[in-house]
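Q: Now for the letters of each chain:
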Amino acid sequence: MKIQTYNPRDWRSHPPYSFKAYGSSVKRGPLKKLVPLEQTLSEITGPLFGDIQLAPGETDLTRNADTGKEAMGERIIVVGRVLDEDDKPVANTLIEIWQANAAGRYHHPVDQHNAPLDPNFIGAGRCVTNDKGEYRYLTIKPGAYPWLNHANAWRPAHIHLSLFGPSFVTRLVTQFFFPGDPLIPLDPIFNSVPTKSGRERLMAAYAHDVTEPEFALGYRFDIVLRGRRATPFEGPR
Amino acid sequence: MRKQTPSQTVGPFYAIGLTRQPMNVMAVDATQGERIRIEGKVFDGDGVAIPDVMVEIWQANSHGRYNHPDDKQEKPLDPTFTGWGRSGTDETYFYSFETIKPGPVPGSGDSAQAPHVNVVVFARGMLVHAYTRIYFDDEKLNDSDPVLRSVKNKARRSTLIAQHGERDGKTVYRFDIRLQGEGETVFFDM
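Those sequence lines, one after another, are chains A and B.
When you line the first sequence up against my numbering, it's residues 39 to 275, in that order.
When you line the second sequence up against my numbering, it's residues 880 to 1069, in that order.
Don't read these hints as lab results, they were simulated from the structure.
Keep in mind that this is a model prediction, so the values were computed, not measured.
There's no promise every hint is true.
Claimed, not checked - Only pairs whose alpha carbons sit at most 25 Å apart, straight line, appear in this in silico DMTMM-like list of lysine to aspartate or glutamate:
1) A:K70 to B:E913
2) A:K65 to B:E1063
3) B:K1049 to B:D1017
4) B:K882 to A:D98
5) B:K882 to A:E96
6) A:K70 to B:D923
7) B:K920 to B:D1055
8) B:K980 to B:D1017
9) A:K40 to B:D1068
10) A:K65 to B:D1055
11) A:K170 to A:E134
12) A:K71 to B:D1055
13) B:K1049 to B:D957
14) B:K1031 to B:E1061
15) A:K179 to A:E134
16) B:K951 to B:D925
17) A:K58 to B:E1061
18) B:K920 to B:D989
19) A:K65 to B:E1061
20) B:K1019 to A:E76
21) A:K65 to B:E1018
22) B:K954 to A:E76
23) A:K58 to B:E1063
24) A:K65 to B:E918
25) A:K170 to A:D260
26) B:K1031 to B:D1016
27) B:K882 to A:E108
Using the sequences and the accompanying hints, generate a full structural model.
A: Here you go:
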């Protein structure tokens, strides 16, 4: 059976499983060599959510807490494109979004940071890319928050994104950061990406063309998933 | 050529965005196939069960067909079954799925793959997700499965095989995942 496989994970772009400066990673990643697996139907297929029905308001995190009131904080519009390595748009793909509130606190019982919760902000949303691979959502800029990784450790402001793409092997969970944040060079999670160019690909860009007068600042963050190998591949017999 | 966007951890608060609604019940009454539950714990390098872990699975339907346009086999699709599920952990640190036993799907060349479930593991502390597979200990095709056979060490191979059990008359497969250390689960580069 001939199938069209996907490019491998680019390990110069992705962090290692274990990165000493990020303490929690040390005991939670495989130490043995990964076993190579030739892609089969199991890997080139995967869940597609192109026809998912999003509830009204899922792309507006400033108002989706169902309180009828708006979240506190600096409104931002986040746009971008989801592409593969060959620059082809990844259309109709689901993006799941989660983040801290403007004060740097998550709407989650485990988050004990002594910063105010915002009853009008859950910090979760979803969107689906259009046929050009474009997405857009409205939220508030998350705050920085402390964590216990090392003395006086603070995470720079960031927003988490989860994507599926067209197959099981294109799955990606990432997070992006905001330009000019002085905490970024101090952040072990950001620094776990092995190359400078890779780390730069986690940075959103300020986008004045997206900024809306008297309303909100715009940021652009493009996401690149694994591309497809050019020719169908028939495995060894 | 563009470069891949780097992976980052889901962090400790992924439940806000990813598991607020249960997504681990994959089979409904009308779904075709043998009902099974898959459950287990995920352990760190110290052998401690991890609470802030998330497991996703992807599988073929009972006929061995994936609900995806690139699966062009002439086997029936089951409109009630997407083949995808996601589970966080419960208060006893178990992940679980209510699903059906997948049918066999073709492998590379002319080979047949034994029934299996494809698995992705995410956790706080995991900068990159890890891929593994669940096979079933009561499947004869395991002996000829090309992926299982590619794991030469038999002890390691056994980390990919779920153990059959029963509870309240229902089939339960136990599949623990060890992220590192003794009995480390086989993870794939794919």
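Q: What are the numbers of the hints the structure violates, in ascending order?
A: Result: hints 1, 4, 5, 16, 18, 21 and 27 break, sorted rising.
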